[in-house]
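Chemist: What follows is each chain in one-letter form.
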Amino acid sequence: MTAVLIAVAALLALAAVFGAVLGFASEKFKVEGDPIVDQIDSLLPQTQCGQCGHPGCRPYAEAIAEGEEHNRCPPGGQDTVDALTDLLGRDELTLDDEGAEDADIPKVAYIREDECIGCTKCIQACPVDAIVGAAKLMHTVIVDECTGCDLCVEPCPVDCIDMVEVQPTLQTWGWNRPAGIGQRPDSRIEVVNL
Amino acid sequence: MIRTLFRSRSRKIYDFHGGIHPPERKDLSNGTAIAAGPLPSQLILPLNMHIGAPAKPLVEPGERVLKGQMIAEPSGAVSAAIHAPTSGTVSAIGPRAIQHPSGMDAICIVIDTDGKDEWIERAGVADYTELSPGELVDTIRHAGIAGMGGAGFPTSIKVNLGDHQRVEELVINAVECEPYITADDRLMRERAAEIIAGIHILQYLLNPRRTLIGIEDNKPDAISAIKRACKGCDIEVRVVPTKYPSGGEKQLIQLLTGKEVKSGQLPAQVGVVCQNVGTAYAIKRAVIDGEPLLSRVTTLTGEGVRQPGNFEVLLGTPIRDLLVHGGVDPDNIGRLVMGGPMMGFTLHNPAVPVVKTTNCIIAATLEELPEPPPEQPCIRCGSCADVCPANLLPQQLYWHAKNDDLEKAQHHNLMDCIECGACAYVCPSHIPLVQYYRYAKAEVRQQAADQVKADKARQRFEARQARIDAEKAEKEARRQARLEANRKKKTETASAPTVDTAALKQASLEASKAYKAAVKAAKAAEADNADNLDALKADVDRLKAIADKAKAAVRDAKEAGPAAAPAEDIVGKLKKQVGDASSAYKTAVKAAKDAEANGDDNAAELRAKADELKAAADKLKAELRDAKANAPATPATAPQVDPVADLKKQVGDVSSAYKAAVKAAKEAEENGADNAAELRSQADELKAKADQLKADLRDAKANAPATPAPAPAAAPADPLADLKKKVGEVSSAYKAAVKAAKEADENGADNAAELCAEADRLKAEADHWKAELREAKASAPAPAAPKTPPAPTDTPKAPETEAPQALTAVDPEVAAKRQKRLKALKTAYNMAHKQYKEAHAALERGERNGDIPAEELNAMQQKVDKLKGKADVARDALDALVEEAKADIRAHTGKDLKTLKLEAARAESALADKQRELEQQRDSASEDTLEALSSELQALEAEAQIARKALKQAVEEQGLQD
Ligand code: SF4
Ligand code: SF4
Ligand code: SF4
Ligand code: SF4
Chain A
2 MTAVLIAVAA
12 LLALAAVFGA
22 VLGFASEKFK
32 VEGDPIVDQI
42 DSLLPQTQCG
52 QCGHPGCRPY
62 AEAIAEGEEH
72 NRCPPGGQDT
82 VDALTDLLGR
92 DELTLDDEGA
102 EDADIPKVAY
112 IREDECIGCT
122 KCIQACPVDA
132 IVGAAKLMHT
142 VIVDECTGCD
152 LCVEPCPVDC
162 IDMVEVQPTL
172 QTWGWNRPAG
182 IGQRPDSRIE
192 VVNL
Chain B
382 MIRTLFRSRS
392 RKIYDFHGGI
402 HPPERKDLSN
412 GTAIAAGPLP
422 SQLILPLNMH
432 IGAPAKPLVE
442 PGERVLKGQM
452 IAEPSGAVSA
462 AIHAPTSGTV
472 SAIGPRAIQH
482 PSGMDAICIV
492 IDTDGKDEWI
502 ERAGVADYTE
512 LSPGELVDTI
522 RHAGIAGMGG
532 AGFPTSIKVN
542 LGDHQRVEEL
552 VINAVECEPY
562 ITADDRLMRE
572 RAAEIIAGIH
582 ILQYLLNPRR
592 TLIGIEDNKP
602 DAISAIKRAC
612 KGCDIEVRVV
622 PTKYPSGGEK
632 QLIQLLTGKE
642 VKSGQLPAQV
652 GVVCQNVGTA
662 YAIKRAVIDG
672 EPLLSRVTTL
682 TGEGVRQPGN
692 FEVLLGTPIR
702 DLLVHGGVDP
712 DNIGRLVMGG
722 PMMGFTLHNP
732 AVPVVKTTNC
742 IIAATLEELP
752 EPPPEQPCIR
762 CGSCADVCPA
772 NLLPQQLYWH
782 AKNDDLEKAQ
792 HHNLMDCIEC
802 GACAYVCPSH
812 IPLVQYYRYA
822 KAEVRQQAAD
832 QVKADKARQR
842 FEARQARIDA
852 EKAEKEARRQ
862 ARLEANRKKK
872 TETASAPTVD
882 TAALKQASLE
892 ASKAYKAAVK
902 AAKAAEADNA
912 DNLDALKADV
922 DRLKAIADKA
932 KAAVRDAKEA
942 GPAAAPAEDI
952 VGKLKKQVGD
962 ASSAYKTAVK
972 AAKDAEANGD
982 DNAAELRAKA
992 DELKAAADKL
1002 KAELRDAKAN
1012 APATPATAPQ
1022 VDPVADLKKQ
1032 VGDVSSAYKA
1042 AVKAAKEAEE
1052 NGADNAAELR
1062 SQADELKAKA
1072 DQLKADLRDA
1082 KANAPATPAP
1092 APAAAPADPL
1102 ADLKKKVGEV
1112 SSAYKAAVKA
1122 AKEADENGAD
1132 NAAELCAEAD
1142 RLKAEADHWK
1152 AELREAKASA
1162 PAPAAPKTPP
1172 APTDTPKAPE
1182 TEAPQALTAV
1192 DPEVAAKRQK
1202 RLKALKTAYN
1212 MAHKQYKEAH
1222 AALERGERNG
1232 DIPAEELNAM
1242 QQKVDKLKGK
1252 ADVARDALDA
1262 LVEEAKADIR
1272 AHTGKDLKTL
1282 KLEAARAESA
1292 LADKQRELEQ
1302 QRDSASEDTL
1312 EALSSELQAL
1322 EAEAQIARKA
1332 LKQAVEEQGL
1342 QD
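Read top to bottom, the protein sequences are chains A and B. At position 145 of the first sequence (counting the first as 1) the number is 146 in my numbering, and the numbers step up by one without a gap. At position 144 of the second sequence (counting the first as 1) the number is 525 in my numbering, and the numbers step up by one without a gap.
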């Protein structure tokens, strides 16, 4: 009988100790913030263009976490939609780009500097501070920082901002995907035994 | 003992997984000695012949260069220099097609050769041991040597290891395992001694425990030559069995040392450095002979070449020249390949130059390198996995790459694939496996780059957001502080009654809010046909009563309150009530209509209620009218100057009352209310009143000028201002009249014609005054002139008052006059343009509706034309004037706009810098320095001011143009 009691007491003591440890750990290593929002945000392209109807990628990530449809990011393209589908385990959706077919072609803003009147409107519009300039002086876009969000084009009073497609350079060029089954692969060199 | 054991073990040749035995075809080109290459008329030297940053050009187009002269220096750590391969003239530095599978252009230095082959001074070092390792590395770096085996990694990086890194084995790659290529083979046969000398230099630099040369057993002549050359020195020659790709760096290291270089590792991490024989040769030439890398041995082979063989080709030689040199029949070539057939790529443009990494050019017939057969589905035979030297699962990689599943492909170590092509060679389905991997690798790299960019964008976005929030918070805090201060002041000064009024107002507001909410609830209930409709309605009525009472209380309080509560407040209050009442009425009407449409029983009831509300609204309106009519009487006691303003206000009030009345009447008519006629007549009455008031106003105005006459005694400059004011008033009266006339026209009122006439009269009056003003201005005393140029936007500080004068002193009066003229012309143009536009729109409307007789249309057309002419004339005059002004500015300042802009920017930034400096030194520097600094600052400020001013003036004139 005492043996049973000892066993029970020992188990209880163990349970108490582990409970305390676990409780302490859950407090000490608590994850701050909403990890799912971070995960969603990391899948969004960070163009910050607002085409999803939210003032930036993170707000949209929060909205998705709260149940908004995850197919409203045109710059991300269908790939982003699919990645979000995987992450969230929701139904598959097709990209809702409102007919803008070239939304996921990478672009950057270009200011025709001769025409700029230095009104600073574009600076205020740029969500990532990719434009430099000062009042009444010529402005220009830091190409490496520009996300191609398009937001600076509309406010410019003299229409001197263009969105230009990013051309591949030797550094960014990559091989095409082969044409597929039944097609002759154009870049392959066939070595045969004569 | 251990040593001998080690030795015997180390003599062993290891093996690596997989590998293939493709047809060798080496005997095509390995039978003849290395011949001199062509001396083309033009050499094209890409700035990027190596891996890493492009070299930086040191020459200009048109410059003459000598053989061996450095024409581009390495920029950054991973880079290599470029030298002129022969003497000649630099003809261009620009984009040319280069050795890249994309076929893209890149910046190249183009040299037109002169055939003299004139050397620059050479300084070789016979005994390299005199040089320190650092100096040797420098020599190699400046000789532009990059890996000659095919990768092109700058050699100086590979041989410059940190002190802590111990090199166990130096591996010399002489395997040359790819089919067709025999460049290293011939080099070893003919120049073995020089190669060994180069290896000695490498040994001196790296101090390895062992040096191994790996050669495939299909090159017996090369093996014996090398063995002969390195007799008596500590270099071991290892013969490896022929198998592709034993020449791969990792594979060769495994073959010779048994060490495996793991995924993501560099050979140096396992204590091995691997160099190509060609590189060793180039190092010897650079160090001992003082010859930088100017040429290389390239194999020109293939069935399409008449005399295949190896050539010592100058870097930059276009492939086309080499083909001609080797006797290639262009019609006979099926495919032109740069590099070997396994890892090379097809060239589409024979203008591409030979570069440091070009070890082979294959001009093949279609029989030897045929069109690839179409891709077939993978049959999962596993042959590819058997031959993969990197121990990968090619078919899995293929599946994932094909399906764009990059993550899984990376899990299968996609990035470890050396693109050797063994898998594709054995694949029975002819799948272009390597192309799939290259594509997937490019995608992976792209995604990584995108991720980096996205992270940066996120950071920047968040930083910006934080900044904006902080600014907002700051602003809010300041606003709160201000509010607080204001409130304090108010509570101190305000008397009790006002507080009461405020409280009452609040109560009234709340009451009416509650009432409105109740109305809404009732409506909703109605829509749902809820049972408690009656109760709700009662509620509404009760709330309404409360709200009314509250309102009345407010009114009373105001009336009883101090004089501080102005008469207008009652009007305002009444107005609001009227608004409320009429909106209530409207909702009621709507509800009634809905009910009627739905055939509800209570429709009649609702109708009645609506009518009731209407009556209430009407009553309120009448009250408002009365209040308004009475209100003006109060301020009658105000000072003499006021009558005109007062009258104006009355006119405004009355005419807005009139408008409201007209609207009410119209509504009533639409709803078929009985009192429509009544309202109409009321509106007419108001109109008459307005007209009368307007006439009064005119009279008053006409009389007014007399009153302020005594004023000028105090301020002699005033008449002008007065006149200006008058012009403003009259023209605004004119505008109002025009508007009224238009409205009347639209409403079909009888007095439209009358109003039109009045407008015309006012216009004449305005013109008259304007003319007078012009005259007055022209005759105004000179001192007034300097005032007229646009005042600087910024605070007028002491130094700046002189500055602008220094600029504009040339002729301030002329400038001022022109400014005025410009402004006048601009307004004139704007007016004319507007009139023209309006007329045009009217004409178009008429044409569209087709309800206007032809002759009238014609008349309109004429009018439009005339107005257009007028506008054009005005514009031309304006343009001319602007041009003149600009020319003037240029003449006076000697600069055009751009310069001015730049100057302003420079001055501003200098000013900012100084300010910062002052700021920084404020605490630390001595009194004197501070003083000096601040006086400097002042000078700079003055300068900036001048620049700013000049720019502003210029910009303004520019602005006038558009
Ligand atoms: S520069 Fe224009 S397009 Fe580029 S990120 Fe800024 S606002 Fe968007
Ligand atoms: S909005 Fe246009 S004009 Fe204004 S600063 Fe930007 S680029 Fe220049
Ligand atoms: S190409 Fe890549 S996957 Fe194919 S055999 Fe070579 S290393 Fe293996
Ligand atoms: S060799 Fe070709 S067919 Fe066979 S498993 Fe590999 S990819 Fe598939």
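Just so you know, not all the hints are guaranteed correct.
Below, a list of computed lysine-lysine pairs in the DSS-like style, where the Cα atoms sit at most 27 Å apart [as the list claims (entries may be wrong)]:
#	chain 1	residue 1	chain 2	residue 2
1	A	Lys-137	B	Lys-1295
2	B	Lys-856	B	Lys-870
3	A	Lys-137	B	Lys-853
4	A	Lys-122	A	Lys-137
5	A	Lys-108	A	Lys-122
6	B	Lys-822	B	Lys-834
7	B	Lys-783	B	Lys-837
8	B	Lys-612	B	Lys-393
9	B	Lys-612	B	Lys-643
10	A	Lys-122	B	Lys-834
11	A	Lys-122	B	Lys-783
12	B	Lys-834	A	Lys-108
13	B	Lys-837	B	Lys-822
14	B	Lys-643	A	Lys-122
15	B	Lys-856	A	Lys-137
16	B	Lys-856	B	Lys-643
17	B	Lys-789	B	Lys-853
18	B	Lys-822	B	Lys-643
19	A	Lys-108	B	Lys-608
20	B	Lys-856	B	Lys-869
21	B	Lys-870	B	Lys-853
22	A	Lys-122	B	Lys-837
23	B	Lys-783	B	Lys-834
24	B	Lys-1251	B	Lys-1218
25	B	Lys-1249	B	Lys-1295
26	B	Lys-834	B	Lys-856
27	B	Lys-925	B	Lys-1244
28	B	Lys-856	B	Lys-822
29	B	Lys-856	A	Lys-108
30	B	Lys-1244	B	Lys-1218
Every beta carbon over 12 Å from chain A, so not counted as near; a handful from chain B, in silico [stated by the list, open to error]:
#	residue
31	Gln-450
32	Met-485
33	Ala-504
34	Thr-510
35	Pro-514
36	Ala-606
37	Lys-640
38	Pro-722
39	Gln-757
40	Ser-764
In short, the hints are calculated from the structure, not lab data. Quick caveat, the model's predicted, so the values are computed rather than measured. Built from N, CA and C at the ideal position, the CB exists for glycine as well.
Chemist: If a hint holds in the structure, say so; if it does not, say that too.
Modeler: Hints and how they fare:
{"no.": "1", "hint": "A:Lys-137 / B:Lys-1295", "in the structure": "holds, 21 Å"}
{"no.": "2", "hint": "B:Lys-856 / B:Lys-870", "in the structure": "holds, 21 Å"}
{"no.": "3", "hint": "A:Lys-137 / B:Lys-853", "in the structure": "holds, 25 Å"}
{"no.": "4", "hint": "A:Lys-122 / A:Lys-137", "in the structure": "holds, 11 Å"}
{"no.": "5", "hint": "A:Lys-108 / A:Lys-122", "in the structure": "holds, 20 Å"}
{"no.": "6", "hint": "B:Lys-822 / B:Lys-834", "in the structure": "holds, 18 Å"}
{"no.": "7", "hint": "B:Lys-783 / B:Lys-837", "in the structure": "violated, 30 Å"}
{"no.": "8", "hint": "B:Lys-612 / B:Lys-393", "in the structure": "holds, 20 Å"}
{"no.": "9", "hint": "B:Lys-612 / B:Lys-643", "in the structure": "violated, 34 Å"}
{"no.": "10", "hint": "A:Lys-122 / B:Lys-834", "in the structure": "holds, 24 Å"}
{"no.": "11", "hint": "A:Lys-122 / B:Lys-783", "in the structure": "violated, 46 Å"}
{"no.": "12", "hint": "B:Lys-834 / A:Lys-108", "in the structure": "holds, 13 Å"}
{"no.": "13", "hint": "B:Lys-837 / B:Lys-822", "in the structure": "holds, 23 Å"}
{"no.": "14", "hint": "B:Lys-643 / A:Lys-122", "in the structure": "violated, 54 Å"}
{"no.": "15", "hint": "B:Lys-856 / A:Lys-137", "in the structure": "holds, 25 Å"}
{"no.": "16", "hint": "B:Lys-856 / B:Lys-643", "in the structure": "violated, 59 Å"}
{"no.": "17", "hint": "B:Lys-789 / B:Lys-853", "in the structure": "violated, 47 Å"}
{"no.": "18", "hint": "B:Lys-822 / B:Lys-643", "in the structure": "holds, 19 Å"}
{"no.": "19", "hint": "A:Lys-108 / B:Lys-608", "in the structure": "violated, 59 Å"}
{"no.": "20", "hint": "B:Lys-856 / B:Lys-869", "in the structure": "holds, 20 Å"}
{"no.": "21", "hint": "B:Lys-870 / B:Lys-853", "in the structure": "holds, 26 Å"}
{"no.": "22", "hint": "A:Lys-122 / B:Lys-837", "in the structure": "holds, 23 Å"}
{"no.": "23", "hint": "B:Lys-783 / B:Lys-834", "in the structure": "holds, 26 Å"}
{"no.": "24", "hint": "B:Lys-1251 / B:Lys-1218", "in the structure": "holds, 12 Å"}
{"no.": "25", "hint": "B:Lys-1249 / B:Lys-1295", "in the structure": "violated, 54 Å"}
{"no.": "26", "hint": "B:Lys-834 / B:Lys-856", "in the structure": "violated, 33 Å"}
{"no.": "27", "hint": "B:Lys-925 / B:Lys-1244", "in the structure": "violated, 57 Å"}
{"no.": "28", "hint": "B:Lys-856 / B:Lys-822", "in the structure": "violated, 51 Å"}
{"no.": "29", "hint": "B:Lys-856 / A:Lys-108", "in the structure": "violated, 36 Å"}
{"no.": "30", "hint": "B:Lys-1244 / B:Lys-1218", "in the structure": "holds, 11 Å"}
{"no.": "31", "hint": "Gln-450", "in the structure": "holds, 26 Å"}
{"no.": "32", "hint": "Met-485", "in the structure": "violated, 6 Å"}
{"no.": "33", "hint": "Ala-504", "in the structure": "holds, 35 Å"}
{"no.": "34", "hint": "Thr-510", "in the structure": "holds, 41 Å"}
{"no.": "35", "hint": "Pro-514", "in the structure": "holds, 33 Å"}
{"no.": "36", "hint": "Ala-606", "in the structure": "holds, 29 Å"}
{"no.": "37", "hint": "Lys-640", "in the structure": "holds, 30 Å"}
{"no.": "38", "hint": "Pro-722", "in the structure": "violated, 5 Å"}
{"no.": "39", "hint": "Gln-757", "in the structure": "violated, 7 Å"}
{"no.": "40", "hint": "Ser-764", "in the structure": "holds, 15 Å"}
Checked against the numbered hints given earlier, the structure breaks hints 7, 9, 11, 14, 16, 17, 19, 25, 26, 27, 28, 29, 32, 38, 39 and satisfies all the rest.
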